[in-house]
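> Residue numbers (the numbering used here), protein chains in the order written: chain C, 6 to 228; chain V, 6 to 228; chain D, 6 to 228; chain B, 6 to 228; chain Z, 6 to 228; chain W, 6 to 228.
It should be emphasised that the hints constitute simulated quantities derived from the structure, not laboratory data. Incorrect hints may appear among the rest.
Repeated chains share a single entry, so a pair holds when one copy, or any two copies, can fit it.
Stated by the list, open to error - Derived pair list, reagent style DMTMM-like, types lysine to aspartate or glutamate, alpha-carbon separation capped at 25 Å:
id, residue 1, residue 2
1, K135, D67
2, K133, D146
3, K152, D93
4, K61, D93
5, K155, D74
6, K155, D208
7, K61, D146
There are 6 protein chains.
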Amino acid sequence: MKGANTSIVIFSLLALASTFASASDPSSLQDFCVALNSTKNAAAVFVNGKFCKDPKLVTANDFFFSGLDKAGNTSNAVGSRVTPVNVDQISGLNTLGISLVRIDYAPYGGLNPPHTHPRATEVLVVTKGKLYVGFVTSNPDNRLFTKVLKTGDVFVFPVGLIHFQFNIGKTNAVAFASLSSQNPGVITIANAVFGSNSPINPDVLAKAFKLDKKLVEYLQTQF
Amino acid sequence: MKGANTSIVIFSLLALASTFASASDPSSLQDFCVALNSTKNAAAVFVNGKFCKDPKLVTANDFFFSGLDKAGNTSNAVGSRVTPVNVDQISGLNTLGISLVRIDYAPYGGLNPPHTHPRATEVLVVTKGKLYVGFVTSNPDNRLFTKVLKTGDVFVFPVGLIHFQFNIGKTNAVAFASLSSQNPGVITIANAVFGSNSPINPDVLAKAFKLDKKLVEYLQTQF
Amino acid sequence: MKGANTSIVIFSLLALASTFASASDPSSLQDFCVALNSTKNAAAVFVNGKFCKDPKLVTANDFFFSGLDKAGNTSNAVGSRVTPVNVDQISGLNTLGISLVRIDYAPYGGLNPPHTHPRATEVLVVTKGKLYVGFVTSNPDNRLFTKVLKTGDVFVFPVGLIHFQFNIGKTNAVAFASLSSQNPGVITIANAVFGSNSPINPDVLAKAFKLDKKLVEYLQTQF
Amino acid sequence: MKGANTSIVIFSLLALASTFASASDPSSLQDFCVALNSTKNAAAVFVNGKFCKDPKLVTANDFFFSGLDKAGNTSNAVGSRVTPVNVDQISGLNTLGISLVRIDYAPYGGLNPPHTHPRATEVLVVTKGKLYVGFVTSNPDNRLFTKVLKTGDVFVFPVGLIHFQFNIGKTNAVAFASLSSQNPGVITIANAVFGSNSPINPDVLAKAFKLDKKLVEYLQTQF
Amino acid sequence: MKGANTSIVIFSLLALASTFASASDPSSLQDFCVALNSTKNAAAVFVNGKFCKDPKLVTANDFFFSGLDKAGNTSNAVGSRVTPVNVDQISGLNTLGISLVRIDYAPYGGLNPPHTHPRATEVLVVTKGKLYVGFVTSNPDNRLFTKVLKTGDVFVFPVGLIHFQFNIGKTNAVAFASLSSQNPGVITIANAVFGSNSPINPDVLAKAFKLDKKLVEYLQTQF
Amino acid sequence: MKGANTSIVIFSLLALASTFASASDPSSLQDFCVALNSTKNAAAVFVNGKFCKDPKLVTANDFFFSGLDKAGNTSNAVGSRVTPVNVDQISGLNTLGISLVRIDYAPYGGLNPPHTHPRATEVLVVTKGKLYVGFVTSNPDNRLFTKVLKTGDVFVFPVGLIHFQFNIGKTNAVAFASLSSQNPGVITIANAVFGSNSPINPDVLAKAFKLDKKLVEYLQTQF
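Sequences are here, hints too, so could you generate the full structure?
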């Protein structure tokens, strides 16, 4: 009976390991803490960040990702594609405070629209094309810092500030961007404001954006 | 048999979710990490802070608390009452580094006695009445910073320092105080020193406080 | 000659003390570090946060602010007024990681429009009136968490997320909000996007917000 | 004239370097940031922590302290002596988050009286003698954790909690204690409460400690 | 049936408690978070740091360690022995950011070889003997800071820098060292470089260390 | 006379601004804190990190760097070249916790030799060529995690661990690496150990590396 109990326990622990979302941290407290993948969502215990894999079972593949040489598909409304490599793609990034993305931009107007990363500063390096980029400071100044970037140029978007990149060249453009968090988060302004699920009371948005309420309601159907 | 095992596992995981105390963190690593309530104490696995609820199951009520318009009962030895709103009352505060309290003070001498918050600075705003407040700096200076506050006045008590508020007005007084932690902790000096469980050796307290040992032993029966 | 030099030095150091903006920090490294006020801007050396006042010169008034009993003037386009009490109002808050605000809302529609605090979570308590409040999570879900609050109700807006409060009552409304930073920052979305200084290229905003370019250009004149 | 100006400038900068108190930080941002000694206090600009010495001028002596083999003088009211080695003794500890002390205890009752370190956990190792030690947890439990330590024993006092050590042996005792901050701070409870400068209103202390007001006033003359 | 289910659950939770490795954190979020010991490795869920014991079950022994009065055995290739007292020896150190070690050195050449602590600064106090100690700064300067220490001398080794101690006296030597992490980690340079498991490609080491490839391969058999 | 004094003061403050090295921080406390460049070293006051430029004077160029499209010169002993873009190249990175580098590797054996970053995790993406890369864990396991990377592959080197990259392809190779600090630091193991300035006592290195003392002394002339 004791043996039977033991096997139930072990099984439930393995289930725990493979079912939970996993745990990271702002400061690493061991060599690494490779995130456990959340493969099921029937049961749900989480921690701030992610749970970690048994270090004895960790392999080099937990620190590896392949495919950033492939262009992202930019056939969409904004003409850009972000390919992320954060803790969801490389579980070994858990607790380590960094991630990266590849961004592809369609020619003549591919746009990575105004957004913020609530938990990360971004450093972007252009490897192809010509981008008009910028960020806006907080109240009361709301200063726009903007620059046209060419291949080999680097630009910084400080944490939490609204920023964008816009392809003003005739060819597609490519950039790699580093972010100072394993889980930086993205808030695309237009989507969060006009496309929230469920919609924000349109009176709020009409007053805030000085738009006609009908237009707000129309925009809310578009995002 | 495998089916039966699976159902046991799922049950145990749900039990895990509802039984554990939950997990916060000094720096939020996702939009939020709503604390799981600890409803049983038979089993016990904890983390630094609190475990979190499945984000899919989180609702607006996890960020909500009601009742701070109600006066606390000040019919007690010190004539004051602290109504806390921290991670134990609003589970959505988990990992977010802030909480608040309402404090009610009886007329003519309601006292929030000398205490420290080991993990928080406090900012207090008086909404009714007249309070004599103060804090004392660390060694070697032990400077007292003190002020009489009226309605609309604000005062800061830096993290870890001993502080107090004392109602010197003829009416009851009310204040709201913000604390820079979701779990600030409170050490009421007199209670920790003379009312610890079990009691500190009275020779220690007699020597430290320059009190007669008999008086120390008497005080130890009072807290 | 040496005496003359000495007096010049002392004068320049005092000037330094009264001219610089001052320095805070995420973790306090002494009892307190009261910010020096920046009274001139001819010369400019800054640090992350604020420089501090000589602790020997610090008094209780450095931790004190008066006037939160007074209603803010809501006669403006959005019908609300935020009265801040952060490190710019109470220099003693420097390095201590907390601040607060009083918010007044005009009857029937006073709005604290959608905004983010890049460096703080907010906990709001309503002391008068009836507010419809909400926040939106990050991509990809953009979930809206919303609630109607009455006197004595408390709500949490997690750090970095877009949130708002809207007076849906017939009377004016008042709230106190605590923020988990001595310098939380505010980014009012509409102002940062449409009112930046200088303006963002309207092609960017037209594409991002699915608005006609003419309308974007019109909005840019309104903020 | 320009040359004259230049020499004034250089002189004032050197004065700056030798006059200011210096700057540390919770997380080191370079190999080291050796604190500048504050040798004068006529002028006063400070930062959170300490300003640093030019790294080019740093030598091994900035990381060195001599004399912990010498017993501290315990001929005082409590019969103990703390010899600190923190950022004030080793300027190289600045920003590095650690310090240590030697503590000597007189035979039969040498006491390191109840105190807190607002910014540090303490780990103590006894190198001679026999100590009764303890700490008390925060509200509401105020649990006392206590132990008798002999040579070679180690005990932990968690950050912010009230703790003490008491020599219950017939010989003098010696301990070394490590603290998790370069500037841990010390609040000796009895001194801060009854010996503050100026005194706390005795009505506050009489009510808080359940002592007669006359006794409080007497104690206030003793600390 | 429900009763039976409950007992299974409780059993699995206790198993969880005794099987997992446990969880600490860079900043303590409660009075303490005593680490759970990892006694089995069949199942494996970890967090950044360690899971914690039920606070109700914590006793003074969780903060206690005995035996640092005993000399470590230095009969080994380098002639030194480090006796650690970190979170693996005192589970109460979990989340508290500090630990210590006793180091014994054989006479005439006992060596604590060049190593780094990736997560801690070290402060060392010599209690017996005479040590030649040093650390090297990062690129491009690689400056050596070195000192001969005698009984009662203290020296600091900043976080992450390569450092060593070498007994240059005729007697054995003893030191106590404090480290600014509950889990500081140790990377002994020679072992990590030449003794990794599996071996680094010898072409890499031959080129990096300007050694003959045969010698590298020989060294790789020695560590 | 007062006017004359004022002009001296202003001059000395400007000198301060242009002479000091500047100050960053682990957590940004304002939108940005652009580092001041240290252009002179006659006078020397530093802080942890860098002093900041007056925000009013900040421009987009403070967040900009140009030239990462240019190959680094790999004609050197190890056949590799690191082109850094950290706070020394982009002053706007100050306080923001991220930086990047371009690394060029000569064909057939270009080596970025074993090194650590004491303050950063590294994420590397290969944009050309074929690299054998690896890192080694801390004691006692010293496990080697290794992988062969091709164009588009990404690999993570956790903070503080010894790691390397080696070009095993027939062409030159190029990688971009992100680091989780604005000032990550680099310790090239062979240089710090055998090339320190001044040299480490060769007896220490002979014993630590199991090398003949003559060979150690020879190596010390080579680095």
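> For each hint, tell me whether it holds in the structure or not.
For each hint, the structure was consulted:
1. In this assembly of identical chains, the alpha carbons of K135 and D67 lie at most 25 Å apart only when taken from different copies (19 Å versus 34 Å within one copy).
2. Taking the closest pair of Cα atoms, K133 and D146 never come within 25 Å of each other, the shortest separation being 33 Å inside a single copy and 31 Å across copies.
3. In this assembly of identical chains, the alpha carbons of K152 and D93 lie at most 25 Å apart only when taken from different copies (20 Å versus 31 Å within one copy).
4. Both within a single protomer and between protomers do K61 and D93 lie at most 25 Å apart by alpha-carbon distance, with minima of 21 Å and 17 Å respectively.
5. Taking the closest pair of Cα atoms, K155 and D74 come within 25 Å of each other both inside a single copy (19 Å) and across two copies (9 Å).
6. In this assembly of identical chains, K155 and D208 lie within 25 Å of each other by CA distance solely across copies; the values are 20 Å between and 42 Å within a copy.
7. With identical chains, the CA atoms of K61 and D146 are at most 25 Å apart between copies only, with a shortest distance of 10 Å across copies and 52 Å within one.
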